[in-house]
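K.L.:
Line order of the protein sequences matches chains P and E.
Each residue of the first sequence is one higher than the one before, counting from 10 in the working numbering.
Each residue of the second sequence is one higher than the one before, counting from 10 in the working numbering.
Think of the hints as simulated: they come from the structure by calculation, not from any bench.
Please note: incorrect hints may appear among the correct ones.
[Unchecked claim] Non-contacting residues of chain E with respect to chain P, defined by C-beta distances greater than 10 angstroms in every case (computed):
1) Pro322
2) Trp365
3) Glu377
4) Lys406
5) Leu415
[What the hints assert, rightly or not] Cut-off 27 angstroms, straight-line C-alpha distance, at most; resulting in silico cross-link-like pairs (BS3-like, lysine-lysine):
6) P:Lys266 / E:Lys363
7) E:Lys71 / P:Lys363
8) E:Lys76 / P:Lys336
9) P:Lys363 / P:Lys400
10) P:Lys363 / E:Lys336
11) E:Lys266 / P:Lys64
12) E:Lys363 / P:Lys64
13) P:Lys76 / E:Lys336
Virtual Cβ for every residue (Gly too), placed ideally from N, Cα, C.
2 protein chains.
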Amino acid sequence: MSQKPKTAITPTREENYPEWYQQVIKAADLAETSPVRGCMVIKPWGYAIWENIQKELDRRFKATGHKNAYFPLFIPMRYLQKEADHVDGFAKECAVVTHSRLEADENGQLQPAGPLDEPLIVRPTSETIIGELFAKWVQSYRDLPLLINQWANVVRWEMRTRLFLRTSEFLWQEGHTVHATEEEAMEETRTMLDVYADFSEKYLAMPVIKGEKTEAERFPGAVSTYSIEAMMQDKKALQAGTSHFLGQNFAKSSSIKFLNAESKEEHAWTTSWGVSTRLVGGLIMTHSDDDGLVLPPAIAPAHIVILPVTPKPDSREAVLEYCRNLKQSLEAQNYLGEPIRVELDDRDIRGGEKTWSWVKKGIPVRIEVGPRDMEKDAVFYARRDKAVKDKVSQDTKTFVSEISALLENIQSQLYKKAKDFQKSHTQVIDSQEDFEAYFSQEDAGYASVGFCLDSQLEDELAKRLKISVRCIPNDTVSETVPCIFTGKEGKRVIFARSY
Amino acid sequence: MSQKPKTAITPTREENYPEWYQQVIKAADLAETSPVRGCMVIKPWGYAIWENIQKELDRRFKATGHKNAYFPLFIPMRYLQKEADHVDGFAKECAVVTHSRLEADENGQLQPAGPLDEPLIVRPTSETIIGELFAKWVQSYRDLPLLINQWANVVRWEMRTRLFLRTSEFLWQEGHTVHATEEEAMEETRTMLDVYADFSEKYLAMPVIKGEKTEAERFPGAVSTYSIEAMMQDKKALQAGTSHFLGQNFAKSSSIKFLNAESKEEHAWTTSWGVSTRLVGGLIMTHSDDDGLVLPPAIAPAHIVILPVTPKPDSREAVLEYCRNLKQSLEAQNYLGEPIRVELDDRDIRGGEKTWSWVKKGIPVRIEVGPRDMEKDAVFYARRDKAVKDKVSQDTKTFVSEISALLENIQSQLYKKAKDFQKSHTQVIDSQEDFEAYFSQEDAGYASVGFCLDSQLEDELAKRLKISVRCIPNDTVSETVPCIFTGKEGKRVIFARSY
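Same shape as in the complex, but just chain P (with noise of 0.2 angstroms):
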């Protein structure tokens, strides 16, 4: 009788994919439910990830000329109201304040007092509130482009929440740019998908497909949005992030107006974008296995951790001496230009459950230094792409020196391993038939379909199947190739069902 591997997560994925991403939060220690329904409490493994998520976008974005600001978090009630599309896509979710104080009643019992003249929205998305600062900056055609963005918590009132995919409160960038023409905006557009699925790509080592979404899935009051669309592990698409192209509908709800180079007035181009603390989610379903999480090093908190093994008292201070310096001498090196980050795990516990802490936290590389280690100047190391007990032993010296070149090694291999994942389950079907058998099957994948974007039909198929349109990819955008379903001249979309 074979006996199944035991596992750290339990359940595993296969027997319960939902409750093993939570069990591997928990595990990881990323993130919990707070006593605030829906608001999620992020614990500093979980928030040292969107800090390096954080960081390197940040870079990205002053790179491509955008500078940070920062706008009220509240939105006055009527402004919400300006944009039809945007009214109906926000009102249905949204915290509203609508005093400003606490009184406590007969019974000592506190009750708000104070009302507001005009409620309050928390923010759920900013166009409102910044479309009415931009139209008092933006005066000339000098005064653009305006490339502003913002770090900010905004607020959507979810019925049904999951830790770092859809919580009430979450964390996010939005930019927000103002452009005199369309050219330009939609130029802007494209680039910020690109620094999206780019950072995606090489950052979270989280293959994305870049395209255009239908009209179901737009941004309320956008004329075109754009998303890169991951594939997780139990084959749903994560929309990891995206970009709005927004026409002229915000600059003229909002009175953008601009007086052009012949001193003409003309209503400016606008876009927005965004990314949020969903791309943490994106990232355990990515690479995660029934051991924990899996950290690809480019965005992982730590890089290495050292577990010294101290077996007898008498050797214990020269063994950690050993490591203090191995850990120095790693934090010399560099990866991705910055010093490799190294945690050194000197806690009284026993190895086994010290080990496997680590294990399910991802960190990408455990080394152990024994005193017999020591003696031969070397180090035993495991990479967390790896079997747990697949551990080699290297000269301490040339694993510093390669220290670089691991790193790199795994987070290339985490990244084919995920895009391979998502090749061989994205199907290319040209029958309607061959359509329906593949999403009578649970877990599905990806479809590659022609389509005519017939909204009712989308609408139809939404609702019998549980899929939806995740994009029309960019790469197969100019061709034009039959509808499966009519017969009529479509596009090439993605079906997929999703997150």
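Since chain P is already given, all that's left is putting chain E on it; use the hints.
P.N.:
Positioned in the frame of chain P, the structure of chain E alone reads:
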């Protein structure tokens, strides 16, 4: 008839200090009021200062063992009620969320809908919600100390607001720590006060006095509150950062308990500490002059601006090329361990307007390069801490090699000037008569006096003279001195008017 020198800012500090402050902010394009009452918009130049503050403080927090995390924006109303002093301190001014969506009424007007079972407070500070979570995180003495920091926005519904100094929403960091012993928590409280003081003096070039607050100015719920107090140019004090020893007050109200090494349950000891965007206000009022903002190099978004002088079209491109090379050479130099930050302003506007825009923005060094400078391989430079017309010619090679020393000199001169100002407006006062006379002046400065710390007396002085005890300075807290009002035993304190 002597003509009054023209200044870039109207009114001058002497004419109307509060209005001068608003005009400096406007002229430097740091921030503006928003359409949402009491909330400010932080514009790119102002936000870049805040980012620099964040970056250096974050480095110092991490160097002292703290980790960042993120907690919910909302706090259930009942949490605020857990700590009696705390609710008294914050219930009077807070944004209360009562509904979870908007619905159009019969006239198509949006109205709050979906009333919440329990109102939520937008965090004015997070002791209560973080306490609730820490109670779960802390089980054993092995979990301690717990050293957490959060960068976040908070809301206090202020009636009279002023950009950066007092706004309904502001950005800040709040440290929250848990310790096994009273001594360790006290030590943490002092360490973080020292971090704030050292940062303020080294980076903001803003001298501060460290000390303990009297009961009247203590944080609601704290056992003791320490602050750093800076002197603005109108001689008023600005509380620029606080560090609170919370004793076991919040540990008791939130049930933060741990098993000690003897397996006995104890309540933990907690601290909290914070600085906010108020620091930007302090920075402005410490150094700026009647020509606008003056930025210490350590915190300036850019250290140097290069202003190409291109009188003739035929030499324009050569001058620009020279400036681009100069920019690169400067950026290859370091100041405080980071590359020098250089702007090249090649906008096509009048030279005078361009120069003054940078003077008003407070950039530490301006460089002019024209065809003749280029021929001599020299630059014309001006320091923001000297007169605007005070320009020096220097050969480019020397200028580049000495740039770090020049910035360091500006930084230390600004600190020295502010320190001299603080010293020359601090009066040691030994009698009640002299004290009354001193504070009969509208722009009195600091009075250093012996005080018995009687609350009623403090309250009476506060009301009558519009002053307060800023702190009991750490420097002299071990000494006992007679109270100038009662003759009783007392401590040396600083009285002043304040923001």
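K.L.:
If a hint holds in the structure, say so; if it doesn't, say that too.
P.N.:
Hint check results:
1. Pro322: Holds, because the least Cβ-Cβ distance between Pro322 (chain E) and chain P comes to about 20 angstroms, which exceeds 10 angstroms.
2. Trp365: 17 angstroms, holds
3. Glu377: Check passes; 22 angstroms lies beyond 10 angstroms.
4. Lys406: Non-interface label stands for Lys406 (chain E): nearest chain P Cβ at 29 angstroms, farther than 10 angstroms.
5. Leu415: 25 angstroms, holds
6. P:Lys266 / E:Lys363: Holds: Lys266 (chain P) and Lys363 (chain E) sit about 25 angstroms apart, inside 27 angstroms.
7. E:Lys71 / P:Lys363: 23 angstroms, holds
8. E:Lys76 / P:Lys336: Answer holds: Lys76 (chain E) to Lys336 (chain P) is near 20 angstroms, not above 27 angstroms.
9. P:Lys363 / P:Lys400: Holds, at roughly 16 angstroms.
10. P:Lys363 / E:Lys336: 50 angstroms, violated
11. E:Lys266 / P:Lys64: Violated, because 36 angstroms separates the two Cα atoms, which is more than 27 angstroms.
12. E:Lys363 / P:Lys64: 32 angstroms, violated
13. P:Lys76 / E:Lys336: Holds, because 20 angstroms separates the two Cα atoms, which is no more than 27 angstroms.
Of the hints listed earlier, those the structure fails to meet are numbers 10, 11 and 12, in rising order.
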